[in-house]
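Visitor: So the sequences go chain by chain: A and B. Heads up, the first sequence is in our numbering, so the first residue is 1 and it goes up one at a time. Heads up, the second sequence is in our numbering, so the first residue is 1001 and it goes up one at a time.
Incorrect hints may have been included.
Unchecked claim - Partial chain A-side listing against chain B, Cβ under 10 Å, derived: (1) L3; (2) Y84; (3) F119; (4) P137; (5) V146; (6) T151; (7) Y284; (8) V332; (9) L340; (10) M344; (11) V350.
Stated by the list, open to error - In silico SDA-like cross-links for lysine to any residue, where the CA-CA straight-line distance does not exceed 25 Å: (12) B:K1300 to A:G231; (13) A:K172 to A:G108; (14) A:K172 to A:L160; (15) B:K1304 to A:G231; (16) B:K1300 to A:V244; (17) B:K1300 to A:A343; (18) B:K1304 to A:N233; (19) B:K1300 to A:L160; (20) B:K1119 to A:V341; (21) B:K1304 to A:V350; (22) B:K1300 to A:V341.
Quick caveat, the hints were computed from the structure, so don't treat them as lab data. Being a predicted model, the structure only gives us computed values, none of them experimental. Each residue gets a CB set at the ideal place from its N, CA and C atoms; glycine is no exception.
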Amino acid sequence: MRLERRTEAAPAAWIIAPLGAVAVTLLVASALVRWAGAPVGPTWGLLFDGAFGSVFAFSETLTRAIPLMLTGLAAAVAFQARLYNIGAEGQLYAGALAAVAVGGLHGGAGIDLAPWLLFPLMMAAAALAGAALLLGPALLKSRFGVDEVVTTLLLNFIVLLFISLMLDGPMKDPTAMGWPQSVALQPELEFGKLIPRTRVHSGLAWALVLAALVWALMQRTVAGFEIRAVGANARAAAFAGVPVARTVVGVALLSGALAGLAGAIEVAGRTSYLTLDMSPGYGYSGIVIAMLAGLHPLGVVVASLFVAGVLVGADSMSRTMGVPTYLADVIVATALLAMLVAAMLAQYRVRFR
Amino acid sequence: MTEALELLGNAAFWVAVLRIATPLILGTLGVLLCERSGVLNLGIEGIMVAGGFVGWLAVFHGAPLWGGVVAAALAGAAFGGLLAWLTVGLALSQHVSGLGITMLATALSYFGYRVSFPKVSTPPTVTPFAAMDWLPIPLLQQQTPLTLLALALVPLLAWLLYRTPLGLALRMVGENPQAAEGQGIAVAAVRSGAIVAGSALMGVAGSFLTLAAFNAFFFNMVNGRGWICVALVVFASWRPGKALVGALLFAFFDALQLRLQQAGDALLPYQVYLMLPYVLSIVALVVVARNASYPQALMKPYRKGER
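Please model the complete structure; the sequences and the hints are all you need to start from.
Guide: Take a look at the structure:
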């Protein structure tokens, strides 16, 4: 078997291939539903209803999509420059920790500043914390050639332990009866709700605006062009005068900041304090979302709605059908691999010979 | 300080070092095999979960312990086969394919566990491998046969890589696939074989956790061990002997932090001790980075006829 690049554009392939990927994903997941002993059709129906079937369901999906959009953007910008940031999970927690450190009610009071001043400080601290966390691996990559995949992955574990340390110590909520949870945010710093009686908060606007800004940066500025050039061919970019090392570090700061903001927005919009299970792997899902979106910032918005819908829908379906919620993770992982294959088959022709 | 010195004379401590090192040796050898052929295998974390789960499940359903190990190897090989198709057959991104395999293998294992045991709160257990009391070698006596297997695989893999035509072909494919093709070596077949075999080893590494170190399957039980193996291979400069040294060194520090943690009069919060293995892995990467001699074709997909 070998692959041959298609010489002429094949619009049909670009339509058939993704549909094939969806079909494969549905097939794999349906087989698992059967294995779990549930009827396939109604299970899918419940999953869909749980994600998009009512205003409440859709509001839950939107709420879940907010952090996913941001971690998806974080992965998309980094991957554009071939900086494999797998550390968005840790950067998200670092951002959440920074947000609580700045905006938290420490000892019942907290930093005494007007909310309009403290709020931007809190968001900036979160962005900085995320950026700082990725700066190390980016510098190690550009200075010493240390693979960033492994360093960012390992940092996720270190950050979670550090958060656990903070929740036992300086950030501990003394009223939480020994439950590992941080002090709450000052109430004035929390996001408002977008739709009454749901959990959708104005963090959604932040995520959408940031997606548009990232798109503008990548498509309409020199910096964006340089990022894409470094990703396409770092040696050619260097030859053309692009400062490769500086671009990689810049991308790292941006990517880390986006993931850090995801943490602050989760705290300010949904939880109002930090716990160790605040993120069920949003950082890792962000990678899937970026790939499903073809690294396109606006595609990230759509892909995060899909992934959030699967996660929320599976939760709701599982309560009725008893099919384990891990079905959602299988769907997401299968969709990732199937879409990768589909994109390849749309560009290449397979020759068996 | 004197306590620390006493520790080094304590046989139980060294027994723990060998036990902690075992899954790392197996996993690191697996990564090494893949990377020597030119393919990064980030599927390891999930393949270890799958190996641990499948191996344990087989034994739970009445298979002999070694049957469980074989089942774990087969599960690993199956995911390896999928990864080989994606990265070698279709020449897709090795980073993303590997992460996708980790997500898929982990999700399938957790799903399978929940389907098989929907209502349990305490994980069901099996009778794990017993220590090899019959062996007249002091430290190995307290280990399970899987540790012996891991230790035996080190020279075996070294012999395979450096003393056989197959090993030569494998290393050549990882350094210069064009030249290898010119010599009549089937690049895709060699790479696929290396990934499948390496992934089988990762599956066995996972089964050590559920069939020897513990007697049950837990969520998050692999806990980054796979990623640590990926770091250890760099530290070992892609050499089996050094991989053994690296895994033992790493296990030494891990056992040390466990003892310090349990000492009671711990100076630092327990989280600091738990961080140590991950910090050490990063430090190890940085230390060797300058002199690291990566296989030249690592992470470069090979398409026949393309340069």
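Visitor: Now tell me if each hint is right for this structure.
Guide: Structure-based check of all given hints:
For L3 (chain A), the interface hint holds, since its Cβ comes within 10 Å of a Cβ in chain B; the closest pair sits about 6 Å apart. Hint status for Y84 (chain A) relative to chain B: holds, with the closest Cβ pair at about 5 Å, below 10 Å. Annotation: F119 (chain A) was flagged as interfacial toward chain B, and the flag is violated, the nearest CB pair being 30 Å apart, outside 10 Å. Taking 10 Å as the C-beta contact cut-off toward chain B, the hint placing P137 (chain A) at the interface holds, the least distance being around 9 Å.
Because the beta carbon of V146 (chain A) sits about 5 Å from the nearest beta carbon in chain B, less than 10 Å, this interface hint is met. With 10 Å as the threshold, the beta carbon of T151 (chain A) comes within range of chain B, its nearest partner Cβ sitting at about 5 Å, so the hint holds. The beta carbon of Y284 (chain A) is positioned within 10 Å of a beta carbon in chain B (closest approach about 7 Å), and the interface hint is therefore held. With a least beta-carbon distance of about 7 Å to chain B, the hint placing V332 (chain A) at the interface is held under the 10 Å criterion.
Hint status for L340 (chain A) relative to chain B: holds, with the closest Cβ pair at about 5 Å, below 10 Å. The interface hint given for M344 (chain A) is met, as the beta carbon of that residue sits about 5 Å from the closest beta carbon of chain B, less than 10 Å. The closest approach between the C-beta of V350 (chain A) and any C-beta of chain B is roughly 9 Å, which is under the 10 Å cut-off, so the hint is satisfied. Restraint check for K1300 (chain B) and G231 (chain A): satisfied, since their Cα atoms lie roughly 15 Å apart, inside the 25 Å limit.
About 12 Å separates the Cα atoms of K172 (chain A) and G108 (chain A), which keeps this hinted pair within 25 Å; it holds. A threshold of 25 Å between alpha carbons decides the hint, and for K172 (chain A) with L160 (chain A) the separation of about 15 Å falls inside it, so the pair holds. A distance of roughly 24 Å separates the Cα atoms of K1304 (chain B) and G231 (chain A); the hinted pair therefore holds under the 25 Å criterion. Under the criterion of a C-alpha separation no larger than 25 Å, the hint pairing K1300 (chain B) with V244 (chain A) is consistent with the structure, at around 20 Å.
Taking the CA atoms of K1300 (chain B) and A343 (chain A), the gap is about 19 Å. The hint holds against a cut of 25 Å. Simply put, K1304 (chain B) and N233 (chain A) have alpha-carbon atoms about 21 Å apart, close enough for the 25 Å limit, and the pair holds. Between the alpha carbons of K1300 (chain B) and L160 (chain A) the distance comes to roughly 33 Å, so the proposed pair goes past 25 Å and is violated. Between K1119 (chain B) and V341 (chain A) the alpha-carbon distance is near 37 Å, which puts this suggested pair outside the 25 Å criterion.
Under the criterion of a C-alpha separation no larger than 25 Å, the hint pairing K1304 (chain B) with V350 (chain A) is consistent with the structure, at around 13 Å. Taking the CA atoms of K1300 (chain B) and V341 (chain A), the gap is near 18 Å; set against the 25 Å cutoff, the hint holds.
Violated hints, listed in ascending order, are 3, 19 and 20; each of the other numbered hints is respected by the structure.
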